[in-house]
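Heads up: the sequence lines are chains G and D, in that order. Per the working numbering: the first sequence = residues 1 to 484. Per the working numbering: the second sequence = residues 1001 to 1484.
In case anyone wonders, no lab produced these hints; they're calculated from the structure. Please note: incorrect hints may appear among the correct ones.
When the alpha-carbon atoms are kept at most 30 Å apart in a straight line, the in silico DSS-like pairs for lysine-lysine are as follows [to be verified]: (1) D:Lys-1130 / G:Lys-44; (2) G:Lys-44 / D:Lys-1088; (3) G:Lys-326 / D:Lys-1194; (4) D:Lys-1414 / D:Lys-1022; (5) G:Lys-91 / D:Lys-1044; (6) D:Lys-1343 / G:Lys-130; (7) D:Lys-1130 / G:Lys-343; (8) D:Lys-1326 / D:Lys-1378; (9) G:Lys-423 / G:Lys-155; (10) D:Lys-1194 / D:Lys-1410; (11) D:Lys-1188 / D:Lys-1094; (12) D:Lys-1044 / G:Lys-94; (13) G:Lys-130 / G:Lys-188.
Where chain G lies over chain D, by a calculated footprint (3+ residues, C-beta under 8 Å) [stated by the list, open to error]: (14) 1053-1062; (15) 1099-1110; (16) 1116-1129; (17) 1160-1169.
Only a predicted model underlies this, so the values are computations on that prediction, with no experimental measurement involved. Note that the Cβ used here is the ideal one computed from N, Cα and C, for glycine as well.
There are 2 protein chains.
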Amino acid sequence: MSVSKNVSSVSKLKDRLPPKEKFSEWYHELIQRAEIMDVRYPVKGLYVWFPFGCRIRREVYKILREIMDREHEEVYFPALIPETELGKESKHIKGFENEVYWVTHGGRAELDIRLALRPTSETAMYPMFKLWIRSHADLPLRVYQIVNTFRYETKHTRPLIRLREITSFKEAHTVHATFEEAEEQVRKAVNYYKEFYRRLAIPYIICKRPEWDKFPGAKYTIAFDTIMPDGKTLQIGTAHNLGDSFAKTFDITYEMPNGDHSFVYQTCYGISERCIAALISVHGDDFGLVLPFEVSPVQIAVIPVLYKGKEREVLDAARELGELLKTRYRVVVDESDERPGAKYYRWELKGAAIRVEIGPKEVEDGSAVVSFRDEKKKFTVSRDEVLNKIECWANEMRRRLYEKALNEMKNRIKFCKKLEDVKHWINQGVALVHLCNSEKCGMLIDEVGSLLGEVVDIPLDIESSGKCIICGKEGKLNAVARTY
Amino acid sequence: MSVSKNVSSVSKLKDRLPPKEKFSEWYHELIQRAEIMDVRYPVKGLYVWFPFGCRIRREVYKILREIMDREHEEVYFPALIPETELGKESKHIKGFENEVYWVTHGGRAELDIRLALRPTSETAMYPMFKLWIRSHADLPLRVYQIVNTFRYETKHTRPLIRLREITSFKEAHTVHATFEEAEEQVRKAVNYYKEFYRRLAIPYIICKRPEWDKFPGAKYTIAFDTIMPDGKTLQIGTAHNLGDSFAKTFDITYEMPNGDHSFVYQTCYGISERCIAALISVHGDDFGLVLPFEVSPVQIAVIPVLYKGKEREVLDAARELGELLKTRYRVVVDESDERPGAKYYRWELKGAAIRVEIGPKEVEDGSAVVSFRDEKKKFTVSRDEVLNKIECWANEMRRRLYEKALNEMKNRIKFCKKLEDVKHWINQGVALVHLCNSEKCGMLIDEVGSLLGEVVDIPLDIESSGKCIICGKEGKLNAVARTY
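Produce the complete structure using the sequences and hints provided.
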């Protein structure tokens, strides 16, 4: 595997990254320097995936695809949606009308009907679902696609987080005979997403979004958020129970075994490349990317430490080990003629999970010096053992990354009993409060910070009900935060 | 693997397909019935990939990706290109201005600069290449992406062949220090595409397009065409030597070892989902899809032939064999309670490469009845041998498919000495003629049929030079055809 040669021209390898404490600067610099995305494309909010970023994307979406393939079939629906279809579901179009890109001309001709660039695909898919579904035997239908979607963002844009072209939106859509089955599917979706984020070692909190923040047209929305290093939350996945509202709009019915016809019940759930923003932000450090072994484009960097007169032996040993490791893993043997320090620096920046050094001493005694990206310590092992230890090391590393991230997240979550505390705490993280079900109290807290909604799953042990922080009536545990 | 349940509702399985002789009807019906694409999306020229079609797409593009990954790195550039960039290369924009979709509005606001939906990505990529390339050490640069591209087609549209959204355009772009290196890269691209089409068992002819039909902005264009069952040719791949014309437009230079600066030389080459149109059309027959083993979503269909009182034994044996085969291949054990005939019919339609039947007799003697999708004959083998024979059968099948397709193609190619012959023959296939290099003679023959250009590679032994069919001067072998 060749290292993209434009590393040197794009980034100044000798300068240090800004410290991670200055999260916004750190993120922006790291995205460019580690060659995830090039931010210099001449349109605001549009970015270029560098080859290295593309490799991370490929590995991350391979996991997502593997999970989806278990019970969904992949489809592809057009990127262009006629205005007539997009406008059919009134709540839905209201939710998107300010951020839809419109295609109005083909060549020099004005189009008869304007075409929306899909912001999401309900209105592209559901007119077809009406044709696909006839009887109960056609249900459930479960499909997904991974596509580019578009939003005319007027707020501050940021690579992977707030974009005008979301390049890799995984959207799943399911159709069921009953509301209960749709509910069950939302639960399954939540479990799929839990597994996905566990594999990325990213901790999350799960909330049911308040009424005014649910997906336009949905009955309810379950959302995954993670906490970024600056304490703001990033929504990294959502699952929506659509009930039968889209079914009614698009007239999707099925024949029941008794011959009657009924509207179907639907769900949809999605994850965008924000999962990669979370991956980078949650695990990264002052030296660059830290990636779980499973998704690191360079899982193992083998560094020959060359000494005059011993070059050949060292290089041979490094290559031999490299070839062996390549039979199972993504490996680079860094034969460049830079100092070892420069090589360490590069592979730290790029998040190589495991570094293996071989110098003259190691050649002689058949050993190798191993270190992990997330730990400073080095240790020596027999070269014969390296291959068979990798999987174990990879698992241990994921466990460490998850534990570390989970602890950081826990430290950013605080249960607050007073509104004053909430106001202060949300500058640092997520405030948990008890909140009654009234819209009035919800709206009041939403003025203090964004109400993420009723907590469904959180890695802390806090009473799930208690007195509403606003009115004192019986309430449920809710989360409040500043959000991306 | 589940068979998409909407088979029955979408298609009427009991009706026969139109015969392949009526190619246009056959193609249209097959695309829908075999569930490749749904043609009922409410915008002309936009189609939906069914789950089954998506699986073919996945397998075909896996091959293409594998070939590209050998010396290219994957990237992703935005789908939206500002008008200012798209318009920079005058020949290029001229070639596309009548078929570009324009985004003019974001939400309710009119955009300051109109955005083109990429028809192809030169003008999205090359302003960035200018930033990526500094010195000779950054060269060569070789990248590719697989993306959706858009053309406002005003002609008759057709699924996979002429679309308004090309959903899977593989475009590679390379940058070199010299014109010769760019030429060498075009040769390599041609070899990559040869390998790709060999693996799909699709024969091709390769021509150098005439000046007036080359890629807008290119020095020259090499194109792959295959011959469809109606005798018209389908362009299924192109490779362009761009020289330094885009480099000059986008000011892409590099520093040479001696410190001087020079413009770079570029190539680009692409394949769209037309490769799947060719796959379907070249190999399919009156019964449906015929697919090479490597890309068939259902490589092996195991059919238990159930008899009263023997159901359990037969089913057990079929499942056992199915499980074994699934360890290496994509397998369906068709346990539906339909008659065997209906099952055969379905898996013929869907192009399952190998069919394995097990009935009571086979249960008893430990055998299985095997047949291949492209041959009528059945034969009996020991069940123990099936797994280990698959690879050999798959290779033989590809060879047969290729031989058959090649013979059909050869029968559709004829060397013509008179213009009158050309006029007649192009109703059936490709006419080969000797043609001088003058634009006048080229234009004259282009009135009779489309001039594909000078023949670079053709599976027939015909003199590569001879007297021009128009003027009688010394000429080269050229191909003329009706084209899609």
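Do the hints match the structure? See the list:
With a CA separation close to 19 Å, the supplied pair Lys-1130 of chain D and Lys-44 of chain G stays within the 30 Å bound. Taking the CA atoms of Lys-44 of chain G and Lys-1088 of chain D, the gap is near 19 Å; set against the 30 Å cutoff, the hint holds. At most 30 Å may separate the alpha-carbon atoms for a hinted pair to count; Lys-326 of chain G and Lys-1194 of chain D meet this at roughly 28 Å. Between Lys-1414 of chain D and Lys-1022 of chain D the alpha-carbon distance is near 22 Å, which keeps this suggested pair within the 30 Å criterion.
Distance hint between Lys-91 of chain G and Lys-1044 of chain D is fulfilled; the C-alpha atoms sit about 27 Å from each other, no more than 30 Å. For the proposed pair Lys-1343 of chain D and Lys-130 of chain G, the alpha carbon gap of about 27 Å is at most 30 Å, so the pair holds. Distance check on the hinted pair: Lys-1130 of chain D and Lys-343 of chain G sit about 27 Å apart at the alpha-carbon level, within 30 Å; holds. Distance restraint check for Lys-1326 of chain D and Lys-1378 of chain D: the Cα-Cα separation of roughly 22 Å lies within the 30 Å cut-off, and the hinted pair is therefore satisfied.
Proximity of Lys-423 of chain G to Lys-155 of chain G is assessed by CA-CA distance (about 23 Å); at most 30 Å being required, the pair is judged to hold. Of the supplied pair hints, the one linking Lys-1194 of chain D and Lys-1410 of chain D holds, its CA atoms being roughly 17 Å apart against a limit of 30 Å. Taken as a hint, the Lys-1188 of chain D and Lys-1094 of chain D pair is honoured in the structure, with Cα atoms around 29 Å apart against an allowance of 30 Å. Using a Cα cut-off of 30 Å, the hinted pair Lys-1044 of chain D and Lys-94 of chain G holds, with the two alpha carbons roughly 26 Å apart.
For the suggested pair Lys-130 of chain G and Lys-188 of chain G, the alpha carbons sit about 24 Å apart, so the restraint of at most 30 Å is met. Counting residues of the region 1053-1062 of chain D whose C-beta sits closer than 8 Å to any C-beta of chain G gives 4, which meets the bar of three, so the coverage hint holds. Residue count for the region 1099-1110 of chain D with a Cβ under 8 Å from a Cβ of chain G: 11. That meets the three needed, and the coverage hint holds. Given as covered by chain G, the region 1116-1129 of chain D passes the check, having 4 residues with a CB less than 8 Å from a CB of that chain where 3 are the minimum.
With 3 residues carrying a beta carbon less than 8 Å from a beta carbon of chain G, the region 1160-1169 of chain D meets the three-residue requirement, and the given coverage holds.
Violation of the numbered hints given earlier is absent; every hint is satisfied by the structure.
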